[in-house]
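K.L.:
Take a look at the letters that make up each chain.
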Amino acid sequence: MSARFRLDALAERFALELRGDPAQEITGVATLACAEPHQLGFLANPSYRKQLTESRAGAVVLGAGDAEGYEGNALISRNPYADFARVAALFEQRSPARPGIHPTASVDVEARVDPGAEIGPQVSIGARSRIAAGVRIGPGCVIGEDCEIGEGCELVARVTLVARVRLGVRVLVHPGVVLGADGFGLAFDDGHWLKVPQLGGVRIGDDCEIGANTCIDRGALDDTVLEEDVRLDNLIQVGHNVHIGAHTAIAGCTAIAGSTRIGRYCLIAGGVGIAGHLNIGDRVRINAMALVSRSLEGPGEYASGTPIQTARAWRRSAARFRQLDQLARAISKQNKDLPDD
Amino acid sequence: MSARFRLDALAERFALELRGDPAQEITGVATLACAEPHQLGFLANPSYRKQLTESRAGAVVLGAGDAEGYEGNALISRNPYADFARVAALFEQRSPARPGIHPTASVDVEARVDPGAEIGPQVSIGARSRIAAGVRIGPGCVIGEDCEIGEGCELVARVTLVARVRLGVRVLVHPGVVLGADGFGLAFDDGHWLKVPQLGGVRIGDDCEIGANTCIDRGALDDTVLEEDVRLDNLIQVGHNVHIGAHTAIAGCTAIAGSTRIGRYCLIAGGVGIAGHLNIGDRVRINAMALVSRSLEGPGEYASGTPIQTARAWRRSAARFRQLDQLARAISKQNKDLPDD
Amino acid sequence: MSARFRLDALAERFALELRGDPAQEITGVATLACAEPHQLGFLANPSYRKQLTESRAGAVVLGAGDAEGYEGNALISRNPYADFARVAALFEQRSPARPGIHPTASVDVEARVDPGAEIGPQVSIGARSRIAAGVRIGPGCVIGEDCEIGEGCELVARVTLVARVRLGVRVLVHPGVVLGADGFGLAFDDGHWLKVPQLGGVRIGDDCEIGANTCIDRGALDDTVLEEDVRLDNLIQVGHNVHIGAHTAIAGCTAIAGSTRIGRYCLIAGGVGIAGHLNIGDRVRINAMALVSRSLEGPGEYASGTPIQTARAWRRSAARFRQLDQLARAISKQNKDLPDD
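Chains as they are written, first to last, in UniProt numbering: chain A, 1 to 341; chain B, 1 to 341; chain C, 1 to 341.
These are calculated hints, taken from the structure and not from any lab test. Incorrect hints may have been included.
To be clear about the criterion: a stretch of chain B counts as covered by chain A if any three or more of its residues have a C-beta under 8 Å from a C-beta of chain A, and this derived list gives those stretches [as the list claims (entries may be wrong)]:
{"no.": "1", "stretch": "151 to 162"}
{"no.": "2", "stretch": "243 to 251"}
Straight line, CA to CA, 25 Å or less: simulated BS3-like cross-link-like pairs of lysine-lysine [stated by the list, open to error]:
{"no.": "3", "chain 1": "C", "residue 1": "K333", "chain 2": "B", "residue 2": "K333"}
{"no.": "4", "chain 1": "A", "residue 1": "K333", "chain 2": "B", "residue 2": "K333"}
{"no.": "5", "chain 1": "A", "residue 1": "K333", "chain 2": "C", "residue 2": "K333"}
From the three backbone atoms N, C-alpha and C, an ideal C-beta is built for every residue, glycine too.
Construct the entire structure; sequences and hints are all you get.
P.N.:
The following block contains the structure:
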């Protein structure tokens with residue numbers, strides 16, 4: 001990290017209030033616990049507040065409230081995490097783009113690759129696919145037929161776009177992702193399964209990010225859709241014909257079954273399961289590992305499951321869970337106010 | 001989609017009763033909501049029945065009951081979803097097979113590839129593996145040593161067969177799948193883990209389909225087995241020495257631990273966890289995100305978990321779950337009919 | 001399997017007590033149920049004890065207690081599973097290493113590959129990465145920039161190391177694994193998401209094993225760390241800045257959110273979800289599909305969820321779960337000993 005900035009330069013660049021030494025040099029970013037005297041730390045999560053006084057950071061990005069009584073150099077922010085992210089981006093090392101097609105790549109004669117795109121080693125691009133300027137396609141990616149990749153997209157490595165997948169601009173796709181595999185469409189017929197052809201595609205809006213090994217199936221007839229600025233973590237399953245609204249973020253290992261619609265600005269935690277053909281409203285929050293088996297109105301926060309216990313205590317609770325109806329009937333016999341079923 | 005059929009031709013081809021205009025031209029398939037006047041729709045799920053009257057579809061595949069009172073063109077079916085799937089297959093676009101080995105592929109001298117097989121770009125095939133006629137191996141697939149791939153199989157792209165994996169005929173494997181990785185076999189010994197060699201293979205029956213990024217481990221000693229017509233969705237984990245019976249279908253993100261046997265014609269929903277060394281009978285249905293910690297008799301339908309609630313209501317239920325045994329004891333003190341433990 | 005050993009040779013090699021015919025020849029290993037007369041079986045799990053008398057195995061590795069009354073040839077062990085693993089390793093077939101770089105691989109001029117390393121077909125290695133002697137990198141792997149791979153590591157196939165990933169010695173990584181993808185770091189700002197740069201790396205200790213399609217994200221600022229001898233099964237998600245202590249083993253489909261610390265010698269079952277910023281002590285066991293939403297002290301065994309039931313019985317229990325607080329209040333009205341909230 002050879003970048004280096006004066007604290008007053010950072011304050012001016014990001015319109016932050018500076019307290020302390022304007023000439024303090026910042027050569028990198030770090031957590032409060034690990035920061036060296038020339039690094040910038042941040043405080044956004046109150047559970048790390050006690051680290052503030054002991055931190056060796058050369059300066060800290062933090063809110064006005066947390067800054068009270070702090071004697072070190074500070075950049076005061078109304079959104080410390082976001083402003084820290086902006087500063088951190090100055091220190092990100094990215095190898096420069098190398099436009100052109102690597103000699104080990106295999107590009108169909110009917111594909112159209114902009115000369116400003118970078119096509120890495122071992123990449124394969126199928127017929128009629130179009131790659132815009134400023135796109136980076138990393139090693140081992142497979143782009144099938146009839147795909148479109150908009151300006152500034154990055155496919156980090158070993159990403160697969162099976163067919164008829166369209167990415168907007170500035171979409172970031174992490175390794176192992178599979179976009180446009182067949183949806184899980186089966187008709188039971190005469191004692192065996194009949195595959196239902198999956199004829200739709202996948203459309204991903206601008207500024208989406210898709211985590212490693214996540215899968216988004218192509219639609220059966222219409223497309224599977226992510227609107228703009230949707231953020232998916234790793235190992236997520238998105239079934240065919242799902243529609244996810246703009247600015248929704250979903251954590252790892254969550255699964256969404258086919259034809260469900262999810263609203264805008266939702267926050268869905270990890271390990272959640274959402275059944276098919278449901279409607280989830282705008283600004284719905286779903287807690288970790290919840291099972292969503294009915295439509296949910298937004299805004300609202302939802303949960304299911306049971307709290308973690310010692311296994312010994314849990315075994316007793318779990319045994320009683322099986323008796324719950326019987327217990328409830330016994331109570332209601334003695335108490336006329338309670339529901340009887 | 002340049003295919004085009006008269007409605008009477010479709011009725012005859014699939015032995016369906018036609019009501020309406022025999023000369024109606026069909027140029028594609030669509031959902032009721034999106035169908036254009038020359039497209040064929042279908043009605044199989046009653047929750048979409050209200051879309052029937054408003055649909056612009058040129059014709060609809062539906063059951064005799066749903067057809068009563070419907071005035072549009074109709075193909076009457078006893079299994080509308082299956083018959084729709086058959087019609088839809090007529091409109092599926094598939095690029096023609098290109099038999100031969102792509103120049104960027106790497107094929108071991110001891111491998112045997114039928115001249116009628118298509119081996120795509122960046123594919124690697126190991127020693128003693130055999131690829132039958134009509135097989136398509138898409139870009140970036142890795143076939144290790146001692147594998148067999150039967151006639152008509154398709155490995156879409158970036159599929160890995162580690163070693164000693166045998167596929168029957170017409171098996172369809174989606175991108176990112178890993179077949180035959182080592183099972184998770186560990187012996188604890190003297191303060192550290194000792195790896196237990198995984199010496200078995202994987203056998204996949206005819207007509208199976210395996211979804212994107214799903215993993216099926218090789219057996220420790222015997223093989224891991226899928227019988228014919230098993231259908232696996234995406235991101236499923238199948239542990240070593242699992243045996244899955246014919247015609248069983250499993251939805252995404254389900255995990256099956258080692259040595260468990262699953263019967264025939266089971267329907268296992270998404271996000272289910274099944275412990276190791278269990279027996280699941282024929283025609284067992286398991287609901288989404290259930291945890292199966294004991295063997296289950298078939299036929300039958302099983303579930304676990306708690307229903308989705310608002311987070312506020314859930315916190316109260318969850319707190320009480322921890323007190324359940326105490327509550328139950330209080331009730332049983334007052335009620336001699338109830339179990340005391 | 002052409003290896004072949006006399007029973008007394010095996011007994012001597014692994015310091016086991018021999019009962020029976022020292023000259024018995026062993027040509028392979030098998031389960032008790034499938035063993036042929038020249039194969040060695042083992043008994044470690046008591047639920048397979050009844051198979052002992054019917055087994056055709058030429059000899060069996062088992063504990064002294066289980067050996068009582070057994071009349072076949074036996075190797076007596078204090079840890080039968082571990083000793084069986086050692087014997088089985090003698091029968092493992094591994095193709096010999098082929099040091100050198102495959103002609104279809106793409107190696108950056110600034111990368112350093114030891115001449116004793118094997119670099120397979122379609123591999124890509126980025127700038128400043130270093131590959132030690134005895135390393136095997138299988139087909140289709142992508143090694144990004146600034147990675148280090150220690151002696152004796154094996155990347156089976158199609159593994160991705162995005163950037164700044166360091167593996168100790170003898171690390172085994174299965175296909176589809178993604179190490180060092182960006183963590184899921186987002187700041188919400190002015191109605192849309194802002195990506196928080198992920199500047200850290202991943203450090204994997206000696207003798208770790210990482211299962212197929214598992215993902216370990218790079219740290220946001222510091223590294224994500226696995227200490228030595230950590231064993232991860234397939235399809236696991238490890239978030240950024242997670243720290244996993246030595247000798248911990250984790251089964252498939254478990255997810256660990258960012259910045260959580262897990263102790264040494266933990267056993268975490270499959271499908272578990274662990275929230276972020278928690279501390280899990282040493283020697284903690286967590287049962288399958290538990291949701292861990294608070295820190296856990298070790299040693300201890302923990303669980304959550306409800307037991308599997310028929311769907312009919314479950315629906316009744318689940319409906320009552322939603323009424324639990326109401327039921328509990330009714331009971332406590334009648335019983336002063338119970339908690340009131």
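K.L.:
Each hint needs a verdict: does it hold in this structure or not?
P.N.:
We went through each hint and held it up to the structure:
Counting residues of the stretch 151 to 162 of chain B whose beta carbon lies closer than 8 Å to any beta carbon of chain A gives 3, which reaches the threshold of three, so the coverage claim holds. Here's how the stretch 243 to 251 of chain B fares: 3 of its residues keep a CB closer than 8 Å to some CB of chain A, so the rule of at least three is met and the hint holds. This hinted pair checks out: K333/C and K333/B have alpha carbons roughly 14 Å apart, not beyond 25 Å. A C-alpha spacing of about 14 Å is found between K333/A and K333/B, which places the hinted pair at or below 25 Å, so the restraint holds.
Between K333/A and K333/C the alpha-carbon distance is near 14 Å, which keeps this suggested pair within the 25 Å criterion.
Checked against the numbered hints given earlier, this structure breaks none of them.
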